[in-house]
Amino acid sequence: MKRLSIILSLLIIGAGFRLFVLELRPEGALLRAPDEPEYLEIGQNIWLGNGFSFDGEPTAYRDMLLPYTVAGVMTVSGGDFKPIFYLQLLLSLITGVFLYLVAAKRFTETTAYGVLTVWMLYPAAAVFSSLLLTETLFVFFWVLAIWLHDRLDDNGYAVRDALILGIVLGLLCLTRAAGAILLATVFIYVFLVRYETSFAVRAKAVSFVLIGALVVMLPWMIRNQIVMERFSLNTNGGINLLIGNNPYMNGGYLFDERVEGIIPREARTEAQRDVAAAHAAKEFVQGHWRDTFGMWATKFAYLWSTDMAMLAHFAPVRGSESLAETLREQPLGALILMAIPFAILVLLGLCGFYLVQKFPARGFFILQLSFAALAAFISYGLPRYHFPLMPAVILGAAAYYENQPWDKAPQWRRLMLLLAIGLFMGVWAYETVKIIGLM
Numbered sequence: 004m005k006r007l008s009i010i011l012s013l014l015i016i017g018a019g020f021r022l023f024v025l026e027l028r029p030e031g032a033l034l035r036a037p038d039e040p041e042y043l044e045i046g047q048n049i050w051l052g053n054g055f056s057f058d059g060e061p062t063a064y065r066d067m068l069l070p071y072t073v074a075g076v077m078t079v080s081g082g083d084f085k086p087i088f089y090l091q092l093l094l095s096l097i098t099g100v101f102l103y104l105v106a107a108k109r110f111t112e113t114t115a116y117g118v119l120t121v122w123m124l125y126p127a128a129a130v131f132s133s134l135l136l137t138e139t140l141f142v143f144f145w146v147l148a149i150w151l152h153d154r155l156d157d158n159g160y161a162v163r164d165a166l167i168l169g170i171v172l173g174l175l176c177l178t179r180a181a182g183a184i185l186l187a188t189v190f191i192y193v194f195l196v197r198y199e200t201s202f203a204v205r206a207k208a209v210s211f212v213l214i215g216a217l218v219v220m221l222p223w224m225i226r227n228q229i230v231m232e233r234f235s236l237n238t239n240g241g242i243n244l245l246i247g248n249n250p251y252m253n254g255g256y257l258f259d260e261r262v263e264g265i266i267p268r269e270a271r272t273e274a275q276r277d278v279a280a281a282h283a284a285k286e287f288v289q290g291h292w293r294d295t296f297g298m299w300a301t302k303f304a305y306l307w308s309t310d311m312a313m314l315a316h317f318a319p320v321r322g323s324e325s326l327a328e329t330l331r332e333q334p335l336g337a338l339i340l341m342a343i344p345f346a347i348l349v350l351l352g353l354c355g356f357y358l359v360q361k362f363p364a365r366g367f368f369i370l371q372l373s374f375a376a377l378a379a380f381i382s383y384g385l386p387r388y389h390f391p392l393m394p395a396v397i398l399g400a401a402a403y404y405e406n407q408p409w410d411k412a413p414q415w416r417r418l419m420l421l422l423a424i425g426l427f428m429g430v431w432a433y434e435t436v437k438i439i440g441l442m
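The opening position of the sequence shown corresponds to residue 4 in this note's numbering, with each subsequent residue numbered one higher.
Derived by calculation from the structure, the hints in this document are not laboratory data.
With a straight-line Cα cutoff of 30 Å, these simulated DSSO-like cross-link-like pairs (lysine-lysine) come out:
id, residue 1, residue 2
1, 361, 207
2, 361, 411
3, 5, 108
4, 108, 207
5, 108, 411
6, 108, 361
Between beta-carbon pairs, the in silico distance windows are:
id, residue 1, residue 2, range
7, 113, 81, 42 to 48 Å
8, 30, 414, 51 to 57 Å
9, 100, 191, 26 to 32 Å
10, 260, 292, 25 to 31 Å
All C-beta atoms in this analysis are idealised placements derived from N, C-alpha and C, irrespective of residue type, glycine included.
Sequences and hints are given; from them, build the entire structure.
Now the structure itself:
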């Protein structure tokens, strides 16, 4: 009873915080923010019976699950899309509950409560609940999949659990194709890392995980082949590769007329442009591999930039030409509130994963972080992309808090850790200087 009371109390606090942040969002900000108007228009077109379309044409450029969720909300609410934010609020709270369950499997009850508290009060989680972006839905499925992976392990890799995990991973990929990161993590960790389990059991488990995922994803991929002539989850994969691999790349999101001009004019449809962009990116990498590898550090820096960049979506500045300019218009207190909790969590998470070696499924979480970095290296870095990794980071911070491993670690490990911490702090110092406008 005490446990339930504590959890409910924390959920109420988290709900209040998210409602407060939702009310803070400026009027009309959604229509000026990047990406949000497109998700809204596609959702409205689905609700109106015009299908998954944008600007009057069928599209697959955006991933499908959020627009269909918006359309479902509009159907229930009689055409009003705004209840989607209350649904996202609820999903964010449920995400916290699953994160608590994952933590309770690994740590003491007190530490698990701490993990839930951190998620309830994590500023970026509240901000994304008030944005019409994929992050809240995506992280809900991400953390649910982590919990289902724990259950799969506890139940000896039962077929039913593997199939359910696969279905959730399929929904994750439909929310955002980057869900393939976690799908690959599950496959490699179960099939290659958990060697103490028999090969036949592991092979059967990953097979049914893949079957579950494909059952969910294939209908949409077939639709895209029929309608868009592209057998894929979306038609932006090649574009993303080109953004991160071209003569004008800066490590982050830069898709101006110079980059767009690389795509041949004869590539007119979404699918043709996507294929041509992927081909152009491949040619650039083959001819400029040193430049490509040299950009990895910058992409990593963009990936792990602080949560301050989220405010550009939350309160966009009309007429602003750059992210730094938009952020300079934000209240200093808001910038600090977004930056400091993120920095503390990342540093503690880094310490936890590096120093605490006896940590259940430690490799599973390290694989997630590694594959996410690899995805950024292949394409480009963006602060939004680290948000799905924050549950793993929070668990790493919890491992450090519970074990207090600093004094027990060899000096060389502490020195290496201090160098890594210095790297992250350098990234954040550079980001801050850019926002201030000194560079």
